[in-house]
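Number of protein chains: 2
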Amino acid sequence: MQSDHRPVIILVRPQMGENIGAAARAMLNFGLTEMRLVAPRDGWPNPKAVAMASGAAGRVLDHVRVYPTLAEAMEGVEFAFATTARGRELSKPVHSPQSAMEVARSHQGRVAIIFGPERAGLENDDVARANAIVTVPVNPDFPSLNLAQAVLLMGYEWGRVEMPPEPAPHGRRPVGEMLADRVEIERLGDHYEEKLTEAGFFFPESKAANMRLNLRNMWSRLVLTRGDVRILHGMLRQLTRR
Amino acid sequence: MQSDHRPVIILVRPQMGENIGAAARAMLNFGLTEMRLVAPRDGWPNPKAVAMASGAAGRVLDHVRVYPTLAEAMEGVEFAFATTARGRELSKPVHSPQSAMEVARSHQGRVAIIFGPERAGLENDDVARANAIVTVPVNPDFPSLNLAQAVLLMGYEWGRVEMPPEPAPHGRRPVGEMLADRVEIERLGDHYEEKLTEAGFFFPESKAANMRLNLRNMWSRLVLTRGDVRILHGMLRQLTRR
Chain A
1 MQSDHRPVII LVRPQMGENI GAAARAMLNF GLTEMRLVAP RDGWPNPKAV
51 AMASGAAGRV LDHVRVYPTL AEAMEGVEFA FATTARGREL SKPVHSPQSA
101 MEVARSHQGR VAIIFGPERA GLENDDVARA NAIVTVPVNP DFPSLNLAQA
151 VLLMGYEWGR VEMPPEPAPH GRRPVGEMLA DRVEIERLGD HYEEKLTEAG
201 FFFPESKAAN MRLNLRNMWS RLVLTRGDVR ILHGMLRQLT RR
Chain B
1 MQSDHRPVII LVRPQMGENI GAAARAMLNF GLTEMRLVAP RDGWPNPKAV
51 AMASGAAGRV LDHVRVYPTL AEAMEGVEFA FATTARGREL SKPVHSPQSA
101 MEVARSHQGR VAIIFGPERA GLENDDVARA NAIVTVPVNP DFPSLNLAQA
151 VLLMGYEWGR VEMPPEPAPH GRRPVGEMLA DRVEIERLGD HYEEKLTEAG
201 FFFPESKAAN MRLNLRNMWS RLVLTRGDVR ILHGMLRQLT RR
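First to last, the sequence lines map onto chains A and B. Letter by letter, the first sequence follows residues 1 to 242 of full-length UniProt numbering. Letter by letter, the second sequence follows residues 1 to 242 of full-length UniProt numbering.
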């Protein structure tokens, strides 16, 4: 089933109810729905968490399971990532969020992502229970991600791999619109050249050939849709109506 | 200089000071430091923004520049992304955060990312001034990203370290030519709008607003050099000389 494939989010000893609620929202933004809590400081349920997680995110909280220890919270989990900024000190594979979620996607069984308490993060004893580490590459001079933001970035990476492929490299083309073909561009250039000639635009004579060439170059270079070409013809017609 | 290469974050009509402060933190997490504000609801400076942006993020706020309109806030910007979930309705290229930041990274000049007000997001009139749209692929049943989260995800994509160098998507830009900045595009749009209004182009009245919007969208979307803008002004001047 599709739901069994999605990562479980485990919050270890979270302190603020608001952050638990915000983490639930961040999860649901990217379709993650299973949250587990290890020894939340203020017990469970937590009204501040509920107040923060409006609407559908409230249902994520309704299904939260609470465990006394991280070891117990890992039930059914086959592969776990610990989120920590101290990856380099610990002898585990260190992943970026992107590569962690690539691993998660290719994994057959359940994957968990473990987040530590707001103030201090995961302890070495928690990290020891994970298969690998995931570290968000933040500005070392200002690494201030909060709990919900860290969850958001992991959810984003999960959602990114699940989403359809990136738009084609010619992403400049408006969605659903046909680009003009070269014949249409040629006609557009002819129309402008004719009317601009009548208006005395190509002056002085010594520069006229070069000006014409520049104009042709411009029309060819711009990425014009059929709609654009229609507008540009219409504008010129209207401007030269008299 | 490296700093000239980093995207500018433009918040249009932000409502809550706290969100401006949180956006500054999110920016700095990924090394972005230039924020511009368009008509912030509660004026500027805003003590609630300062309270939220502690430490180094406070310096991002110290350097904020405030503008009355989005058009003016685009000074020096060559390529602008509008963040909106309504990409599919608008005739602009739609990017994921990843492909948008690939474009930004390979761009020589300044790039801006524009974010709308918390409640309603960017208006069509704002989006019309951007070259392209960027949409975060969220769960359609729970698309609840807040302003600072949206900024965070764009910053994260900017800061992504694993990216191999990308081929320049601006292959169509003439070598050695400067792209027009958004203020120049704005003036070009004004010039055409004025002369086309005089010529009775925006007719019938019931369609005029939409026609104006389409035209703004077209100018913003085309990748125009300064030379192109000069030619387009010159053409119009010559065509309407009488």
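It is possible that some hints are incorrect.
Any copy will do: because identical chains look the same in the list, a pair fits if it lies in one copy or spans two.
To be verified - List of simulated lysine to any residue pairs, SDA-like, C-alpha gap at most 25 Å:
| # | residue 1 | residue 2 |
| --- | --- | --- |
| 1 | 92 | 107 |
| 2 | 92 | 58 |
| 3 | 48 | 231 |
| 4 | 207 | 227 |
Rather than coming from a laboratory, the hints here were simulated on the basis of the structure.
Okay, the hints, checked on the actual structure:
1. 92 x 107: Intra 18 Å, inter 37 Å, cutoff 25 Å: intra-copy only.
2. 92 x 58: neither (35 Å within a copy, 36 Å between copies)
3. 48 x 231: For residue 48 and residue 231, the Cα distance exceeds 25 Å both inside one copy (47 Å) and across copies (47 Å).
4. 207 x 227: between (32 Å within a copy, 16 Å between copies)
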